[in-house]
Amino acid sequence: MNTQNTPKQRGIPNYFKKIGLAVIVMVVAAVVLLKTWNPEAAQHTKDLFNVFTMNVLIIGLLLIALAKDKVEDEMISSIKIKTMAFAFIFGVLIVIIRPIIDLISNDPITGLTGQEVVVQMLVVYLIVYYLQKRKLR
Amino acid sequence: MKNSLKVERAKLDLTQQDLADRVGVSRQTINSIEAGRYVPSTVLAIKIAQVFKATVNAIFQLEEGD
Chain W
1 MNTQNTPKQR GIPNYFKKIG LAVIVMVVAA VVLLKTWNPE AAQHTKDLFN VFTMNVLIIG
61 LLLIALAKDK VEDEMISSIK IKTMAFAFIF GVLIVIIRPI IDLISNDPIT GLTGQEVVVQ
121 MLVVYLIVYY LQKRKLR
Chain F
1 MKNSLKVERA KLDLTQQDLA DRVGVSRQTI NSIEAGRYVP STVLAIKIAQ VFKATVNAIF
61 QLEEGD
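Chains W and F supply the protein sequences, listed in that same order.
Be aware that the first sequence starts at 1, since it is given in the numbering used here, and climbs by one per residue.
Be aware that the second sequence starts at 1, since it is given in the numbering used here, and climbs by one per residue.
Bear in mind the hints are in silico, worked out from the structure with no lab data behind them.
A portion of the hints provided could be inaccurate.
Claimed, not checked - To give an idea of the chain W side of the interface with chain F (calculated C-beta under 7 Å), a few residues:
no.: 1; residue: V71
no.: 2; residue: E74
no.: 3; residue: M75
no.: 4; residue: L136
Claimed, not checked - Here are some chain W residues the structure puts well away from chain F; computed CB gaps all over 10 Å:
no.: 5; residue: A30
no.: 6; residue: M84
no.: 7; residue: Y130
no.: 8; residue: R137
Keep in mind it's a predicted model, so treat the numbers as computed, not measured.
Glycine included, every Cβ here is placed at the ideal spot set by N, Cα and C.
Produce the entire structure from the sequences given, and follow the hints as far as they go.
Structure representation (structure tokens):
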């Protein structure tokens, strides 16, 4: 079936979804292993590990988000664009609202790191996208 | 925007999957167009019209407020 309805369907091949999922599973496994084997690791090592795992997690989520569906047509592209816009607005709102929530709950005000914001946006994108697709069945 | 896709499909005895295969989209896309949840691009509207040997206007009509 020819599913190339629009002149150019952007995205990476579908098998990158599996690669992205494997990357995420490996990151989660690495975090669990480090927590169980070496809970008393030095702070510097923990920080380095956190930065590394967050970056790899972002790469995994991004691969899943950018991979094309098996049947990628103009409606799927349209859903993806709308969902990306939603995830972006969600990210902006989280950055604005989070310090206010900290203030209300008397917690120390902690700014979100760029990595945390990006992970949240990608997770929201994937959840909303798959929910939208589920509605089409 | 309303459309007479379902009626035209019935005339030619085509399933949603048959039409989807002919115009190169998924069955879900045809289903969404029929239900009015998705408005097709100009390219897709022309392809659909060609399948039914009709004009785009004969199949897709604007409603008040469009």
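Legend entry - Non-interface claim for Y130(W), where every Cβ of chain F lies beyond 10 Å: Y130(W) clear of chain F: closest Cβ-Cβ about 14 Å, beyond 10 Å.
Inset, instruction - May I ask you to test the interface hint for M75(W) with respect to chain F, counting a Cβ-Cβ separation under 7 Å as satisfied? - result: Interface hint status for M75(W): holds (4 Å vs cutoff 7 Å).
Legend entry - Reported absence of R137(W) from the contact zone with chain F (all CB gaps over 10 Å): Per Cβ check, R137(W) is inside 10 Å of chain F; nearest 7 Å; violated.
Inset, instruction - Closer than 7 Å between Cβ atoms is the bar; does V71(W) clear it against chain F? Give me holds or violated. - result: At 4 Å from the nearest chain F Cβ, V71(W) passes the 7 Å test, so the hint holds.
Inset, instruction - Please settle this one: M84(W) was flagged as non-interface, so is its CB more than 10 Å from every CB on chain F? - result: Given a closest Cβ separation of 17 Å, the condition holds.
Legend entry - Cut-off 7 Å, beta-carbon criterion: hint that E74(W) touches chain F: holds, 5 Å
Legend entry - L136(W) as chain F interface residue, shortest Cβ-Cβ below 7 Å: This hint holds: L136(W) lies near chain F, its Cβ roughly 4 Å from the closest one there, short of 7 Å.
Legend entry - Non-interface claim for A30(W), where every Cβ of chain F lies beyond 10 Å: Fine: 37 Å to the nearest Cβ keeps A30(W) off the interface.
Hint violations for this structure: number 8 only, all remaining hints satisfied.
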